[in-house]
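So the sequence shown is numbered by this note's numbering: it starts at 585 and just counts up by one.
In case anyone wonders, no lab produced these hints; they're calculated from the structure. Any given hint might turn out to be false.
[Unchecked claim] Here are the simulated DSSO-like cross-link-like pairs (lysine-lysine), alpha carbons at most 27 Å apart as the crow flies:
(1) Lys798 <-> Lys945
(2) Lys945 <-> Lys647
(3) Lys942 <-> Lys798
(4) Lys945 <-> Lys766
(5) Lys647 <-> Lys668
(6) Lys766 <-> Lys942
(7) Lys942 <-> Lys668
(8) Lys647 <-> Lys798
These numbers come from a predicted model, not from an experiment.
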Amino acid sequence: MIRGGRFGTFETVTVLLWPTLAKIYLSFSTGIIQENYSAAWLGVFLGCLTAFLWFLPLAALLKRFPGEDLAAIAENVTGPVIGKILSGLMVLYFLISTTLLLRQIAETVIGTAMPMIPLAVIIITITLIMLLPSVWGLESVARVSALITPYLLAGGIGLFLLQLGNMNPNYLAPLWGPGISKLMINGFFRASILSELVFLGFLAPSLPKLNPFKTGLILIAAATVLLTGAMLATQMVFPPPVAAEHTYPFYEMARSIYFGRFYQRIEFLFILVWITIVLFSLSLRFYFTTVGLARIFRMPYYQPLLGMTALAVLAVALIYPDYTAAVYLDNLFRGRWAWGPSFLVPAFIYLTAVVAGKRGKNNA
585 MIRGGRFGTF
595 ETVTVLLWPT
605 LAKIYLSFST
615 GIIQENYSAA
625 WLGVFLGCLT
635 AFLWFLPLAA
645 LLKRFPGEDL
655 AAIAENVTGP
665 VIGKILSGLM
675 VLYFLISTTL
685 LLRQIAETVI
695 GTAMPMIPLA
705 VIIITITLIM
715 LLPSVWGLES
725 VARVSALITP
735 YLLAGGIGLF
745 LLQLGNMNPN
755 YLAPLWGPGI
765 SKLMINGFFR
775 ASILSELVFL
785 GFLAPSLPKL
795 NPFKTGLILI
805 AAATVLLTGA
815 MLATQMVFPP
825 PVAAEHTYPF
835 YEMARSIYFG
845 RFYQRIEFLF
855 ILVWITIVLF
865 SLSLRFYFTT
875 VGLARIFRMP
885 YYQPLLGMTA
895 LAVLAVALIY
905 PDYTAAVYLD
915 NLFRGRWAWG
925 PSFLVPAFIY
935 LTAVVAGKRG
945 KNNA
């Protein structure tokens, strides 16, 4: 039996918060700005609201089958064949998002800090780091996450506070950006911004006494405030045409901080915070990919899959032709369509369970 340990609400929220927030440090924010112009922060807010609506069927499903993970629930509700297909769609999303994130992290490290290091060396090194949390176990990762969260939040928020003197609210005009109708459409697809909520379904066996709705609601509230605030601050520092051209908008924010001639390269403090957050996100995505595969094949342990899965992630990350292709695919798949495997699949399972009148063993 796969054991993920036991932890409480705070640990659960912090474990899921960082994979959610990490995307803003890469190309995700640039894609939203290119779509919504001056209203990008509203696009983020609407995306979070849409994600909340999508989360309701997922929370109801987990409450209907207490203590069971999504893979087991899918098989109980739809049968072993269809259940494995539905679980496979979710795990495939985990795998693809892991490979895209790995390639983007490697390219960003080369572009910002280590331009002379070969790409393959960076990717292999990051892959080895990615393996460590899965070897340690999820409970250890949850404890570490709870400990470092205050410091990571302080470092991230501190970056924006240091930019107060450079912020210009006029950059937020016009308020509705491309128009209300287009903004609403973009907000619907950008529900993917909180697609990491689906991880809660694979954490369920480790949360026997927690209310999934309460835990998810806290996560959604925290992520909505932080993501919207981060995008709002970015837009007040750079006008939309400039921000849309930046490959790493938040790195450019850090570079623009000026304390005088004595203090130089303040952005390296930002890089330390950034690399911690994105590596944490990468490791968790890899963990859920491996655990998801183990649950689909009903393996008692996920550890035998670590080497094979890591090799597959490494190989796929190297297949992407360049950074531009990785960014395009990430914005298309993880940015706009991730709500499909993350929200639509659990909603389908929930509706099927309601129609068939099926419940968990502990909720009969």
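Now for the hints, and whether the structure bears them out:
Taking the CA atoms of Lys798 and Lys945, the gap is near 22 Å; set against the 27 Å cutoff, the hint holds. Restraint check for Lys945 and Lys647: satisfied, since their Cα atoms lie roughly 12 Å apart, inside the 27 Å limit. Pair hint Lys942 plus Lys798 holds up; C-alpha atoms about 23 Å apart against a cutoff of 27 Å. Of the pairs offered as hints, the one joining Lys945 and Lys766 is violated, with about 45 Å between alpha carbons and a cut-off of 27 Å exceeded.
Between Lys647 and Lys668 the CA atoms are separated by roughly 21 Å; this keeps the pair inside 27 Å, and the hint holds. Of the pairs offered as hints, the one joining Lys766 and Lys942 is violated, with about 39 Å between alpha carbons and a cut-off of 27 Å exceeded. Taking the CA atoms of Lys942 and Lys668, the gap is near 18 Å; set against the 27 Å cutoff, the hint holds. Between Lys647 and Lys798, the direct Cα distance comes to roughly 11 Å. Compliance with the 27 Å bound is thereby established for this hinted pair.
Checked against the numbered hints given earlier, this structure breaks hints 4, 6; the rest are met.
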